[in-house]
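J.: Please take these sequences and the hints and turn them into a complete structure.
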Amino acid sequence: MRPLLVIFVKAPRIGKAKTRLAADIGKTHACRHYRAMTSVIMRNVASDKWDTVLSVTPARFMGQIPAWRHLPQYAQVDGSLSPRLAQAFSTKGPVVVIGSDSPQVTRSDIVKAFRSMRPGNCVFGPADDGGFWLMGAYGPVPEFAFERVRWSTEHTLSDLKQNLNRDIVTLRTLTDVDNLAALKLWKGAG
Numbered sequence: 016m017r018p019l020l021v022i023f024v025k026a027p028r029i030g031k032a033k034t035r036l037a038a039d040i041g042k043t044h045a046c047r048h049y050r051a052m053t054s055v056i057m058r059n060v061a062s063d064k065w066d067t068v069l070s071v072t073p074a075r076f077m078g079q080i081p082a083w084r085h086l087p088q089y090a091q092v093d094g095s096l097s098p099r100l101a102q103a104f105s106t107k108g109p110v111v112v113i114g115s116d117s118p119q120v121t122r123s124d125i126v127k128a129f130r131s132m133r134p135g136n137c138v139f140g141p142a143d144d145g146g147f148w149l150m151g152a153y154g155p156v157p158e159f160a161f162e163r164v165r166w167s168t169e170h171t172l173s174d175l176k177q178n179l180n181r182d183i184v185t186l187r188t189l190t191d192v193d194n195l196a197a198l199k200l201w202k203g204a205g
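Read in order, the letters of the sequence shown are residues 16 to 205 in the working numbering.
Worth flagging that the hints you see were computed from the coordinates, not collected in a lab.
These figures come from a predicted structure and were not determined experimentally.
Hints should not be assumed to be uniformly reliable.
Restraint ranges, calculated between C-beta atoms of paired labels, are given here [unchecked claim]:
| id | residue 1 | residue 2 | range |
| --- | --- | --- | --- |
| 1 | Ile183 | Thr43 | 35 to 43 angstroms |
| 2 | Leu195 | Pro87 | 27 to 35 angstroms |
| 3 | Pro73 | Thr43 | 18 to 26 angstroms |
| 4 | Thr168 | Gly78 | 29 to 37 angstroms |
| 5 | Ser123 | Ala51 | 15 to 23 angstroms |
| 6 | Ala196 | Thr168 | 16 to 24 angstroms |
Each residue gets a CB set at the ideal place from its N, CA and C atoms; glycine is no exception.
T.: Here's what the structure looks like:
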C-alpha cells in the first residue's frame, strides 16, 4: 500500500483564512500570506514516493483554487479537528497528515515521518505552541483517539498522545505561523 500524505487546507478567502494573523496585519495581507504558505508547503513536500491529497474546507471550493488543481481533493467533514483527523486516518495503511500553518516543513520531514512509522506507533511533529504540525500513523486509527482533545491550546498534543496509547516518535519542532511574530520568524529564515 502506497503511503498517503494528506494536507489540510482552507480556501484562501479574505477574512476566513489566517484570522489570528489577520488581527496583526489585516485580512487582505493575511490571506495573501496564507496563499504563499500553502504554495510553499505543497512545493516543499511534493514527491513521487507517496500519494498526496488535499483535504479542503469549505467543500464548495474543491477544484476551484487554480493553484491546487494538480492534486486530488476531498471535502473535510464538518466540526472540530477531531472528525477531520478521524476521516483522514480512516483508511488502511501509512498516513501522514499535515496542516497549512507551518511552511517550514520539508520533503525530508515527510520522509522521516514515513520511515519512523511502524504498526502500533504514532509520529508527531510538535509545534512550539503545544500543538502539532504533523501526525502519522498506520490507519485506521479509531475515532475515539481524537475525542476529548483541547484543540488550539498548549494541551493539544499531550491530550492526543494520551488518547492514542501508542509508542510516540517525535520529529523536530516547528512554528505555526499564526501571528506577526511567527510570520517575521518564518520570513527571516527564508
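J.: The structure should be examined with respect to each hint, and the outcome stated for every one.
T.: Here is how each hint holds up against the structure:
Checking the proposed 35 to 43 angstroms range against isoleucine 183 and threonine 43 shows it holds: the Cβ atoms sit about 40 angstroms from each other. About 34 angstroms separates the C-beta atoms of leucine 195 and proline 87, a value consistent with the hinted range of 27 to 35 angstroms. Between proline 73 and threonine 43 the Cβ separation comes to about 20 angstroms, which falls inside the hinted range of 18 to 26 angstroms. Restraint check, threonine 168 to glycine 78: a C-beta distance of roughly 34 angstroms satisfies the suggested window 29 to 37 angstroms.
Roughly 21 angstroms separates the CB atoms of serine 123 and alanine 51, a value that falls within the hinted 15 to 23 angstroms. Alanine 196 and threonine 168 have their C-beta atoms about 18 angstroms apart, which keeps the hinted 16 to 24 angstroms range intact.
Consistency note: the structure conflicts with none of the earlier hints.
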